[in-house]
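Trainee: From first to last, the protein sequence lines are chains G and F.
Taking numbering that gives the first Met the number 0, the leading residue of the first sequence gets 0, the next gets one more, and so forth.
Taking numbering that gives the first Met the number 0, the leading residue of the second sequence gets 0, the next gets one more, and so forth.
Check the hints yourself; a few may be wrong.
Pairs involving identical chains hold if they fit within one copy or between any two copies, as the list cannot separate such chains.
[What the hints assert, rightly or not] Straight-line alpha carbon distances no greater than 16 angstroms define the calculated EDC-like cross-link-like pairs of lysine to aspartate or glutamate that follow: (1) Lys296 with Glu358; (2) Lys77 with Glu244; (3) Lys168 with Glu358; (4) Lys241 with Asp9; (5) Lys168 with Glu395; (6) Lys376 with Glu169; (7) Lys77 with Asp43; (8) Lys34 with Glu44; (9) Lys389 with Glu10; (10) Lys36 with Glu323.
Rather than coming from a laboratory, the hints here were simulated on the basis of the structure.
Number of protein chains: 2
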Amino acid sequence: MLAELITIGDEILIGQIVDTNSAWMAQKLNLAGIKVKQITSVSDEKQHILNALKEAAGRVDIILITGGLGPTKDDITKRTLAEYFNVGLRTDNDALENVKNIFSKYKSPMLETNLRQAEVLENCTTLLNLNGTAPGMWIESGNKIYVSMPGVPFEMMYLMEELVIPRIKESFKLPSIVHHTILTAGVGESQLADRISIIEDSLPSHIGLAYLPKLGIVRLRLSGRGSDANTLRDEISVYASKIIELISEFVIIEADIPLEKAILDLMGSQGLTLSTAESCTGGYISHLLTQHAGSSKVFLGGAVSYSNNLKSIMLSVSEETLHEFGAVSEETVVEMANGAKTNFKSDYAISISGIAGPEGGTDDKPVGTVWVAIAGKRNTISRRFQFGNKRAQNIERSAINALVLLHKLLKEEQA
Amino acid sequence: MLAELITIGDEILIGQIVDTNSAWMAQKLNLAGIKVKQITSVSDEKQHILNALKEAAGRVDIILITGGLGPTKDDITKRTLAEYFNVGLRTDNDALENVKNIFSKYKSPMLETNLRQAEVLENCTTLLNLNGTAPGMWIESGNKIYVSMPGVPFEMMYLMEELVIPRIKESFKLPSIVHHTILTAGVGESQLADRISIIEDSLPSHIGLAYLPKLGIVRLRLSGRGSDANTLRDEISVYASKIIELISEFVIIEADIPLEKAILDLMGSQGLTLSTAESCTGGYISHLLTQHAGSSKVFLGGAVSYSNNLKSIMLSVSEETLHEFGAVSEETVVEMANGAKTNFKSDYAISISGIAGPEGGTDDKPVGTVWVAIAGKRNTISRRFQFGNKRAQNIERSAINALVLLHKLLKEEQA
Numbered sequence: 000m001l002a003e004l005i006t007i008g009d010e011i012l013i014g015q016i017v018d019t020n021s022a023w024m025a026q027k028l029n030l031a032g033i034k035v036k037q038i039t040s041v042s043d044e045k046q047h048i049l050n051a052l053k054e055a056a057g058r059v060d061i062i063l064i065t066g067g068l069g070p071t072k073d074d075i076t077k078r079t080l081a082e083y084f085n086v087g088l089r090t091d092n093d094a095l096e097n098v099k100n101i102f103s104k105y106k107s108p109m110l111e112t113n114l115r116q117a118e119v120l121e122n123c124t125t126l127l128n129l130n131g132t133a134p135g136m137w138i139e140s141g142n143k144i145y146v147s148m149p150g151v152p153f154e155m156m157y158l159m160e161e162l163v164i165p166r167i168k169e170s171f172k173l174p175s176i177v178h179h180t181i182l183t184a185g186v187g188e189s190q191l192a193d194r195i196s197i198i199e200d201s202l203p204s205h206i207g208l209a210y211l212p213k214l215g216i217v218r219l220r221l222s223g224r225g226s227d228a229n230t231l232r233d234e235i236s237v238y239a240s241k242i243i244e245l246i247s248e249f250v251i252i253e254a255d256i257p258l259e260k261a262i263l264d265l266m267g268s269q270g271l272t273l274s275t276a277e278s279c280t281g282g283y284i285s286h287l288l289t290q291h292a293g294s295s296k297v298f299l300g301g302a303v304s305y306s307n308n309l310k311s312i313m314l315s316v317s318e319e320t321l322h323e324f325g326a327v328s329e330e331t332v333v334e335m336a337n338g339a340k341t342n343f344k345s346d347y348a349i350s351i352s353g354i355a356g357p358e359g360g361t362d363d364k365p366v367g368t369v370w371v372a373i374a375g376k377r378n379t380i381s382r383r384f385q386f387g388n389k390r391a392q393n394i395e396r397s398a399i400n401a402l403v404l405l406h407k408l409l410k411e412e413q414a
Numbered sequence: 000m001l002a003e004l005i006t007i008g009d010e011i012l013i014g015q016i017v018d019t020n021s022a023w024m025a026q027k028l029n030l031a032g033i034k035v036k037q038i039t040s041v042s043d044e045k046q047h048i049l050n051a052l053k054e055a056a057g058r059v060d061i062i063l064i065t066g067g068l069g070p071t072k073d074d075i076t077k078r079t080l081a082e083y084f085n086v087g088l089r090t091d092n093d094a095l096e097n098v099k100n101i102f103s104k105y106k107s108p109m110l111e112t113n114l115r116q117a118e119v120l121e122n123c124t125t126l127l128n129l130n131g132t133a134p135g136m137w138i139e140s141g142n143k144i145y146v147s148m149p150g151v152p153f154e155m156m157y158l159m160e161e162l163v164i165p166r167i168k169e170s171f172k173l174p175s176i177v178h179h180t181i182l183t184a185g186v187g188e189s190q191l192a193d194r195i196s197i198i199e200d201s202l203p204s205h206i207g208l209a210y211l212p213k214l215g216i217v218r219l220r221l222s223g224r225g226s227d228a229n230t231l232r233d234e235i236s237v238y239a240s241k242i243i244e245l246i247s248e249f250v251i252i253e254a255d256i257p258l259e260k261a262i263l264d265l266m267g268s269q270g271l272t273l274s275t276a277e278s279c280t281g282g283y284i285s286h287l288l289t290q291h292a293g294s295s296k297v298f299l300g301g302a303v304s305y306s307n308n309l310k311s312i313m314l315s316v317s318e319e320t321l322h323e324f325g326a327v328s329e330e331t332v333v334e335m336a337n338g339a340k341t342n343f344k345s346d347y348a349i350s351i352s353g354i355a356g357p358e359g360g361t362d363d364k365p366v367g368t369v370w371v372a373i374a375g376k377r378n379t380i381s382r383r384f385q386f387g388n389k390r391a392q393n394i395e396r397s398a399i400n401a402l403v404l405l406h407k408l409l410k411e412e413q414a
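Please build the complete structure, drawing on both the sequences and the hints.
Mentor: Given below as structure tokens:
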């Protein structure tokens, strides 16, 4: 069962908005056992939309279309679909009721164009959209299924979850799809591939392995397809265990979650607290942690000690240390981490100081020099990194490596 | 001049990552005067990639391909392109040198697969990628241009900015395109449109006006097309001035830079310093500021005071205030801002406290309630906001609105 997602609208093609709908839809379809073969974004032009529909029908079984259902002149999806199927439009009574309800609820004046929102293709099953005025449409034609939905994310999500996915599941006997992700850190993908090639080569054809690298983190994803989800899950688990045996020192967690979330979960389960002392990362680690709901159980807060003065005030770093060794030094980050742990009364503390660039490097400490320290329950560890000269990357790499070090110390002190 | 973007890789099709590359590329191409006609995401399958290339060649002049250039088995873009063009691969000496440099810099062991990263299509011009091991490739064939780049965002961005866009500009006689951006805050796009309609209606056909809204910020972009850039620039400036006259109270700056950069530049030019006291934004404002090189001239640092205890320790917020009014209150944010300004010895300080959600709301203070205060040279101002229940959005909206308030106070205290 293959699907294609077609998004209609110029705002994606001029880069004004990022197409987050497609990723969300692809995830939901994947979990339901439907493979998304292609995602296509096209402009609000009739001929272009017609071509995209025709091409998609040559590739896949289900075509999910979002966008272009609004009341303004540039919204041409509905009449283009009518032309594609060579059918007319009819007013759907339930959809009309829904439009009237919405306008009376918001006490807005209703225009002729708004009433036309209740028109649907003659050959469709209407998918009533309780979150907006534009109804979804389900069309079966030439052995293919076409679904048209609004591009507004929460309207699309409502239709997908409540009506489209259940209807797809009813209509087809779908294979089960199981994914199993291993989050690794501190190793490159080619080295990983080398280490686990014996397992990778032994995978049966219905199980695939993907490497998903990002700045020091590599996700290994085993994906399998079969008739029974439980059998598949067990089978994949065996391969996952074999892989983990070969790369155990790099494994953070067997789950598809961000590194910082894995750490928050681990610390939360043990009642441990964390604080931060960030210089060159300028609050980025705090931001990563606090993106996650419930992070306040573990993360108490921290200092963004950009200036030397604030390193002394907030973190009790001694002026002698700063003077003798400089802000970017092992001595300073160790005092920063211990200062954060003591002053902020946390069990663990991360500290970072470095030269993010592009300016500020010296012969001794070129741009990209970063010191990280982790103060733990018993020990304080530290490490020097040498990254490149791109500021944004240095900030991100520093944060990820600091989190990896924290995870390492957490595991050691647990053992 | 039409372009199509093809992204290759299963991770987009299973929804594991959101395709942010395409939006970024579309923006850059648009600014250079190239229209993106379609964005296509395809899987790591040879036949599918071949079809996508052929279809794109039937639609557009330039095909920009990202992804699938890694060293592992699922990366098949290079050999698929070789088949598409019916050419072989050659080792590029500069690319090989680059791979070796990168491995020696990071002191990683180099494998056979890594050396193969230096292989490129026989018929291509190599685009040396100093940010990674996979070179980009520029291929001219059958009157079309194909560009292959890695999918890693900062590698793609480097190649696009340094090599691809300049090369496209050289290869084609593109009309001059001049953009002039006015950054506004604190006003919606329909209200702006209403205020400046008289100017918008008077624009000649070769100058367009776009409204680019994002979470409380609206960028107005005048874009003109013509044969002479200087004449065009002068002409557009006149319209920009007329627009600004009508909406002056909402204008932050006449430049296409982020809000926080405009503030850093303004404060830097006046020798003013800034500190932050962040609760619900958890370091996001600090992160925004410190993304920019040279921010340390203005930004001294700040407190991420997630817990109440840290609000007292770092910001001298009195326990009575926290007890009587709660962490999310005008009284608390005012003390936070004044505490940051005094303790961190800055000229200005931003403070934020709110309920980012999705949990933690009360009848009195539902999720999305956010208090912001700005301590300035003479005054401290504060304001309550009521946002929705999406955590990530609440964090972003809080940060932007705090920066807008800071800008307002800066202008007032200057006047």
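Trainee: Hint by hint, say whether it matches the structure.
Mentor: Status of the hints after comparison with the structure:
1. Lys296 with Glu358: This pair counts as between: shortest inter-copy Cα distance 12 angstroms, intra-copy 38 angstroms.
2. Lys77 with Glu244: Neither, since 54 angstroms and 32 angstroms both go past 16 angstroms.
3. Lys168 with Glu358: neither (51 angstroms within a copy, 30 angstroms between copies)
4. Lys241 with Asp9: Classified as neither; 47 angstroms inside a copy, 24 angstroms across copies.
5. Lys168 with Glu395: For lysine 168 and glutamate 395, the Cα distance exceeds 16 angstroms both inside one copy (36 angstroms) and across copies (32 angstroms).
6. Lys376 with Glu169: Neither, since 51 angstroms and 60 angstroms both go past 16 angstroms.
7. Lys77 with Asp43: within (11 angstroms within a copy, 33 angstroms between copies)
8. Lys34 with Glu44: The answer is between: 13 angstroms across copies meets 16 angstroms, while 27 angstroms in one copy does not.
9. Lys389 with Glu10: Neither. Shortest intra-copy (25 angstroms) and inter-copy (23 angstroms) distances fail the 16 angstroms Cα cut-off.
10. Lys36 with Glu323: neither (59 angstroms within a copy, 58 angstroms between copies)
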